[in-house]
Amino acid sequence: MSNQATELAAPQRLNSLRRGLFRWESGLVIVLLAVIVFGAGEVPDFLGSTNLFHVGLNSGEIGIMALPMLLIIITGEIDLSVASMLGLSGAVAGVMFEAGTGIWPAILVALAVGAAGGFLNGFLVARFGLPSIAVTIGTLGLFRGIALIILAPRTVTGFPTWFTSIGTTPVPGTPLSVSILIFFILAILTAVVLQRTGLGRAIYASGLQPEAAEFAGIRVRRIKLWLFVLSGVVCALAGLLFTAKNASVTYNAGTGLELTVVAIVLFGGASIFGGRGTIVGLVLSLAVIGFVQQEITQLPASATIQGIKPQLQQIIVGALLVLSVIVPGRGAALRRLLRRAGSPKRTAGAQNPDVHTSEVTTSGR
Amino acid sequence: MTATLSPPRQGHTRFARAGFLMRVRELGIVLAIVLVFVAATSVNPAFARLDSVQQLLIGASIIALMGVGETMVILTRNYDLSIGSILGLSAYVIGMTFRAHPGTPIVLGFLIGIALGAAIGAINGWITTALRVPSLVVTLAMLYVIRGVDGVIVNGSIIGSDVVPRSFQAVGFATLFGIPWMAIIVVVVVAVAAYSLRSFRWARDLYAIGSSPEAADLAGIPAGRRVFTAFVVSGALAGLAGALFLALYAQIDVNGGTGYEFLVIAAVVVGGVAIFGGSGTVAGAALGAFLLNTINQALVATRISAFWNQAIAGALLLAAIAFDQWLKSRMTTKLQLEKGALREQSSD
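Protein chains in written order, with the numbering used here: chain X, 1 to 365; chain E, 1 to 348.
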């Protein structure tokens, strides 16, 4: 392997340059620049600190939940219970605070509940070998249901000022919200682990070739188990930040956010089949969606789009998501279409790992 | 390989046993429904009254209907997450038609919903199969796009019961010999789908594709066309569900049907459809929807808080997949043992 690498050094460097230019992340940078330039032109003070603060505030928790989601998706699994865990964590903290335990025990117990919920997911997936998509649809209902049982229909308020100020004041000296700062710190940590450690390589290997990874001595199931626990804790943290931001707790906080989180991870270039995805892509994807959202809410009132702003955002997110799966494989897909047009007998197969493998081989060359 | 070794009768009984297991799985759900029903009735006798039972059937029908389409898609190892959004858009467009042309025949209302859903299903299916991209991502994107388009059309307004014709609303509550029309529609759809899945080649192929895409390809099954069809059926049924939604609630706003995709998948999986395709029945899916709805209404009738519903549904889903896994592993071991025994026999 290393011999080959030295022999092929020159063409490989050229290839890697070309690959760098055509990477999905490069496309995201261009999209992000376009979004920012458009915003700067249309929205007054778009890059001012107030606006930036709101972009961070609105995307903070989503980004935080997206980090473990990225790792889980890289291993070929999925966690659809993240938003319910966000809601459950807030509910647990709220109920405890209401009972007079003080804020710190409430926070600690909420995080512990996150770990326990994540462990339940991980245990069912890694030890029993149950499909994560079904397990986490189950816990999506279960976690939200427990939040409903312990809290609904009440709303808990009256948190200490220092706690709620986390959601309303920027980190001193910066336009960053606390949540987006935590996201950046966690993102850097995750990136280091993914790119620079054996664990990171093991995570990619678990998704790319689970059996080969097992034979290579990687404890695939243990990695998955702990990634789900991590996801639970991190989502519980996101739930606390969400609570601080709203200065109140309701059982339905963040309902439906799981799909936004998945969309952001996939738009960041991760493959739903596992084995592929980067933190850089995720950060760029989060930024694009965050800026688009801010742009739409801040666009000067014009009669045509005034009433449909949230919908416009949904359409844009959906369209970007479709592009993110079509564009990277467009060469292969076009060839396939042409081939099909040439010989009508051959029809495309069902969605299968074929897409995935073809992408791997092209990027491997 | 083993087909040449084992006499055809052996293979036949093996299939029969798989069918039997599936029926056992469905019987289990029926049993659970009966248990819940009896328990709820013993606490609150009113639960067994005719109108209460009618409500059980009506309440399950929309999820059951979408469950039939989702089953077809999941059988092929694909997912359709866009059905909740399709329901919302379909219901709204039908309502809009009634608002603009108050004299529209109600049958046309249903047809509009079905056609709209089928068209969106065709888009899902085309992107998934022709461009060979994962359906989970495609339909997740469509969930957003359709909901967005819905919002643009709705633009803050609400379709209320004043524009939905009484005769259309009647579909939501009227009964025939005591059976709600909603339930009759679902039973007819389930029966047609179940018959197709047993008897028609295109539908049997869905199982083959989900069991082993490679083997299906080698067997010459046009997987792309079949998966496309499954998505069209799923879309069309979600569109029909939109019509029933409008008939039942007589109003629709921009949020109608939000989150239904997970309710439907949960019902389908509780009903014994394997999440990775290849196994399951539409009757099971419909029974799964009926069980979840019965539990929901039993919680209300017994005055145990309805707040428990979601947690119980989630726990039930986990139990169902754990049970299926256990059943599968048992069956695999058994089949392997039989295969081993056959090999020994033939080598003797």
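One should not assume that every hint holds.
What the hints assert, rightly or not - Rough simulated footprint, nothing fancy, chain E against chain X, three-plus residues with beta-carbon under 8 Å:
(1) 40-49
(2) 119-129
(3) 133-140
(4) 196-208
(5) 253-261
As the list claims (entries may be wrong) - To spell it out: a stretch of chain E is covered by chain X in this simulated footprint if at least three of its residues, at any positions, have a beta carbon under 8 Å from a beta carbon of chain X; those stretches are:
(6) 98-107
(7) 120-134
(8) 321-331
Simulated from the structure, these hints should not be mistaken for lab results.
Ideal Cβ positions, reconstructed from N, Cα and C, are used throughout, including at glycine.
Hint by hint, here is what the structure shows:
With 0 residues having a Cβ less than 8 Å from any Cβ of chain E, the stretch 40-49 of chain X misses the three-residue criterion, and the hint is violated. A count of 3 residues in the stretch 119-129 of chain X with a Cβ less than 8 Å from any Cβ of chain E is obtained; the coverage claim is therefore met, three being the minimum. Check result for the stretch 133-140 of chain X against chain E: holds, 7 residues qualifying (beta carbon to beta carbon below 8 Å, three or more required). Here the stretch 196-208 of chain X counts 0 residues with a CB under 8 Å from a CB of chain E, which misses the bar of 3, and the coverage is violated.
Counting residues of the stretch 253-261 of chain X whose C-beta sits closer than 8 Å to any C-beta of chain E gives 3, which meets the bar of three, so the coverage hint holds. Counting residues of the stretch 98-107 of chain E whose beta carbon lies closer than 8 Å to any beta carbon of chain X gives 0, which falls below the threshold of three, so the coverage claim is violated. Counting residues of the stretch 120-134 of chain E whose CB lies closer than 8 Å to any CB of chain X gives 8, which reaches the minimum of 3, so the coverage claim holds. Taking a C-beta to C-beta cut-off of 8 Å, the stretch 321-331 of chain E contributes 3 residues in contact with chain X, enough for the three needed, and the coverage statement holds.
Checked against the numbered hints given earlier, this structure breaks hints 1, 4, 6; the rest are met.
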